[in-house]
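On the provided structure of chain A, position chain B as indicated by the hints.
Protein chains: 2
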Amino acid sequence: MKIGFQGERGAYSEIAAKRIYGEKIRTVPLPSFEQVFEKVDDGSLSCGIVPLENSLAGSILQNYDLLLRHKLSIVAEVSQRITHNLIVHPGCRFADLREVHSHPQALMQCEKFLSRCPSLHKVPSYDTAGAVKWIKENKLHHAAAIASTWAAELYDMQVLQQGIESDPENYTRFVVLRRHPRPSKNAKKTSIVFSLRSVPGALFKSLSVFALRDIDLLKIESRPLHGKPWEYFFYVDFSGNTSDPNCRNALNHLTEISTFLRVLGSY
Amino acid sequence: MKIGFQGERGAYSEIAAKRIYGEKIRTVPLPSFEQVFEKVDDGSLSCGIVPLENSLAGSILQNYDLLLRHKLSIVAEVSQRITHNLIVHPGCRFADLREVHSHPQALMQCEKFLSRCPSLHKVPSYDTAGAVKWIKENKLHHAAAIASTWAAELYDMQVLQQGIESDPENYTRFVVLRRHPRPSKNAKKTSIVFSLRSVPGALFKSLSVFALRDIDLLKIESRPLHGKPWEYFFYVDFSGNTSDPNCRNALNHLTEISTFLRVLGSY
Numbered sequence: 001m002k003i004g005f006q007g008e009r010g011a012y013s014e015i016a017a018k019r020i021y022g023e024k025i026r027t028v029p030l031p032s033f034e035q036v037f038e039k040v041d042d043g044s045l046s047c048g049i050v051p052l053e054n055s056l057a058g059s060i061l062q063n064y065d066l067l068l069r070h071k072l073s074i075v076a077e078v079s080q081r082i083t084h085n086l087i088v089h090p091g092c093r094f095a096d097l098r099e100v101h102s103h104p105q106a107l108m109q110c111e112k113f114l115s116r117c118p119s120l121h122k123v124p125s126y127d128t129a130g131a132v133k134w135i136k137e138n139k140l141h142h143a144a145a146i147a148s149t150w151a152a153e154l155y156d157m158q159v160l161q162q163g164i165e166s167d168p169e170n171y172t173r174f175v176v177l178r179r180h181p182r183p184s185k186n187a188k189k190t191s192i193v194f195s196l197r198s199v200p201g202a203l204f205k206s207l208s209v210f211a212l213r214d215i216d217l218l219k220i221e222s223r224p225l226h227g228k229p230w231e232y233f234f235y236v237d238f239s240g241n242t243s244d245p246n247c248r249n250a251l252n253h254l255t256e257i258s259t260f261l262r263v264l265g266s267y
Numbered sequence: 001m002k003i004g005f006q007g008e009r010g011a012y013s014e015i016a017a018k019r020i021y022g023e024k025i026r027t028v029p030l031p032s033f034e035q036v037f038e039k040v041d042d043g044s045l046s047c048g049i050v051p052l053e054n055s056l057a058g059s060i061l062q063n064y065d066l067l068l069r070h071k072l073s074i075v076a077e078v079s080q081r082i083t084h085n086l087i088v089h090p091g092c093r094f095a096d097l098r099e100v101h102s103h104p105q106a107l108m109q110c111e112k113f114l115s116r117c118p119s120l121h122k123v124p125s126y127d128t129a130g131a132v133k134w135i136k137e138n139k140l141h142h143a144a145a146i147a148s149t150w151a152a153e154l155y156d157m158q159v160l161q162q163g164i165e166s167d168p169e170n171y172t173r174f175v176v177l178r179r180h181p182r183p184s185k186n187a188k189k190t191s192i193v194f195s196l197r198s199v200p201g202a203l204f205k206s207l208s209v210f211a212l213r214d215i216d217l218l219k220i221e222s223r224p225l226h227g228k229p230w231e232y233f234f235y236v237d238f239s240g241n242t243s244d245p246n247c248r249n250a251l252n253h254l255t256e257i258s259t260f261l262r263v264l265g266s267y
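First to last, the sequence lines map onto chains A and B.
For the first sequence, my numbering assigns the number 1 to the initial residue and increments by one for each residue that follows.
For the second sequence, my numbering assigns the number 1 to the initial residue and increments by one for each residue that follows.
Isolated chain A, as found in the complex (with noise of 0.2 Å):
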């Protein structure tokens, strides 16, 4: 089983894919997400891994539009903890430094950390293990980057601070993707995508199909549809197995008031 995850060895992405499916697995660094799920669409890959939402940032938008393009079922999921630190070459000094490198959604996240140091100039990465891969092979002595310590030790850099993030309350819910689904009696969670008609109280029908089965839901996005302006796609997380007759119910339910719907998995 080869897994494919966007970004550079010692990616996030490709812990919480280890975290999953063990240390063993095989996993194939690929340079963005759209690649990700290309490669899994033309069976190139069994499966891969990409996230969805992180408790401090919101949701990954591009990956919804993703789920939409390919039809591609969501698997499995696991929620990550990131840590983010301060990773530089071995025997480097705080005083050295003159940049600081990762993705801009990591610099971010370390706001407070790097605001009481001025200094740092911050320079924008694709990917952060990517940036202590940059680094490492341009010999920059002056410059930190900012990645997960797996990273540091991969590329046999050092950390230099440990857990420099603002806000310790940072999860990313990666899901891991697969050209057929894999029907789970234990899936506890599902995902659907579905378009309404424009008309008032629309919305509200469409939820009163799981309200009136007590069915929880747990998450709702809305994306844009193309071509209809201020009209939207809904992405809904629901607690429930589509083995399960209540969710069918529901989904047939569903059916009858929606323009389109698509489960995305059950996991």
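If you are wondering where the hints come from, they were derived from the structure by calculation, not from laboratory data.
Take the hints with a grain of salt, since some may be wrong.
Identical chains blur together in the list; that is why a pair holds if it fits in one copy or across any two.
[What the hints assert, rightly or not] Mimicking BS3-like on lysine-lysine, the simulated pairs with C-alpha atoms at most 27 Å apart in a straight line are:
1) K219 with K205
2) K188 with K139
3) K71 with K2
4) K189 with K228
5) K39 with K112
6) K188 with K205
7) K228 with K188
8) K112 with K228
9) K122 with K39
10) K18 with K71
11) K219 with K185
12) K24 with K205
13) K189 with K205
14) K39 with K71
15) K18 with K219
16) K219 with K189
17) K71 with K228
18) K2 with K139
19) K18 with K228
20) K112 with K71
Below, chain B without anything else, positioned relative to chain A:
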């Protein structure tokens, strides 16, 4: 009256401000959305204009978060058609071009056009009009910018090709912010933000306060509640005016079941 906007002169936000208040309004360019909110909050500007949503890219999440952090009121909105243009130094020909500069969102929205010009290297810029200013001031005769025709006029540059966006259904919804609300009997729309107890059926109950009174929901957006992973603030737009008793009753009802509620404005 002075209205602040993010970006350089010629930005789509400035065009939207002039569409609402006329050509004679004094507009103030600012480097960030945060500064637009801050300058209105501290009274140094009477109002500000920010984009909240694009019909292709979706919500501008940062501005939703800033709405919560600053206690400003939405007093007006305008939906602005976005047309992107390829802008160059006067006399420049297409064959001279090696680079194209613009905001990453604008580059993405012109993907179809740009995919037919693979020799053009894409250079991200923090602002569309700012990209025109940049190639002008730096005399980059081998570079084009993507921005409004108005930005081309302002900086005495030339539109080489008009309307290069991939999807013509490209609109951005801008809102005007003030420190103090201005109750208007003509307001047709109200925006609120609220949070709920994390119990089954909570979201459904909160939307029922509108459905039970035949009030039409126009938009729902969820943003993470910091410190409580996987709980959310809900931003809802609905048809109606807070001075209308039916809407006031709905909001009183929502107060009963929410843990937090703020009216962002009727406009």
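Cross-check of the supplied hints:
Proximity of K219 and K205 under a CA criterion of 27 Å is satisfied in both settings, with 17 Å inside one chain copy and 15 Å between copies. Neither within a single protomer nor between protomers do K188 and K139 lie at most 27 Å apart by alpha-carbon distance, with minima of 48 Å and 59 Å respectively. Proximity of K71 and K2 under a CA criterion of 27 Å is satisfied intra-copy only: 19 Å inside one chain copy versus 49 Å between copies. In this homomeric assembly, K189 and K228 come within 27 Å of each other (Cα to Cα) only across copies, at 20 Å, whereas the closest approach inside a single copy is 30 Å.
For the homomeric pair K39 and K112, the shortest alpha-carbon distance between copies (22 Å) is at most 27 Å, but the shortest distance inside one copy (38 Å) is not. Taking CA atoms no more than 27 Å apart as the test, K188 paired with K205 passes in both settings, with 24 Å inside one copy and 23 Å between copies. In this assembly of identical chains, K228 and K188 lie within 27 Å of each other by CA distance solely across copies; the values are 21 Å between and 34 Å within a copy. For a Cα distance limit of 27 Å, the shortest separation of K112 from K228 across copies, 19 Å, qualifies, whereas the shortest one inside one copy, 41 Å, does not.
Taking the shortest Cα distances, K122 and K39 sit within 27 Å of each other only across copies (25 Å), while inside one copy they are farther apart (33 Å). Only within a single protomer do K18 and K71 lie at most 27 Å apart by alpha-carbon distance; the minimum there is 24 Å, versus 44 Å between protomers. Proximity of K219 to K185 under the C-alpha cut-off of 27 Å is restricted to the intra-copy arrangement: shortest distance 22 Å within a copy versus 35 Å between copies. In this assembly of identical chains, K24 and K205 lie within 27 Å of each other by CA distance neither inside one copy nor across copies; the values are 47 Å within and 46 Å between.
Proximity of K189 and K205 under a CA criterion of 27 Å is satisfied in both settings, with 21 Å inside one chain copy and 21 Å between copies. For a Cα distance limit of 27 Å, the shortest separation of K39 from K71 inside one copy, 12 Å, qualifies, whereas the shortest one across copies, 46 Å, does not. Taking the shortest alpha-carbon separations for K18 and K219, only the intra-copy value of 26 Å comes in at or below 27 Å, while the best inter-copy value is 38 Å. Proximity of K219 to K189 under the C-alpha cut-off of 27 Å is found in both arrangements, the shortest distances being 11 Å within a copy and 25 Å between copies.
Within a single copy, K71 and K228 get their C-alpha atoms as close as 22 Å, which meets the 27 Å cut-off; across copies the closest is 32 Å, which misses it. In this assembly of identical chains, the alpha carbons of K2 and K139 never lie at most 27 Å apart, being 32 Å within a copy and 49 Å across copies at closest. Only between protomers do K18 and K228 lie at most 27 Å apart by alpha-carbon distance; the minimum there is 26 Å, versus 41 Å within a single protomer. With identical chains, the CA atoms of K112 and K71 are at most 27 Å apart between copies only, with a shortest distance of 23 Å across copies and 41 Å within one.
The structure shown violates the earlier hints numbered 2, 12 and 18.
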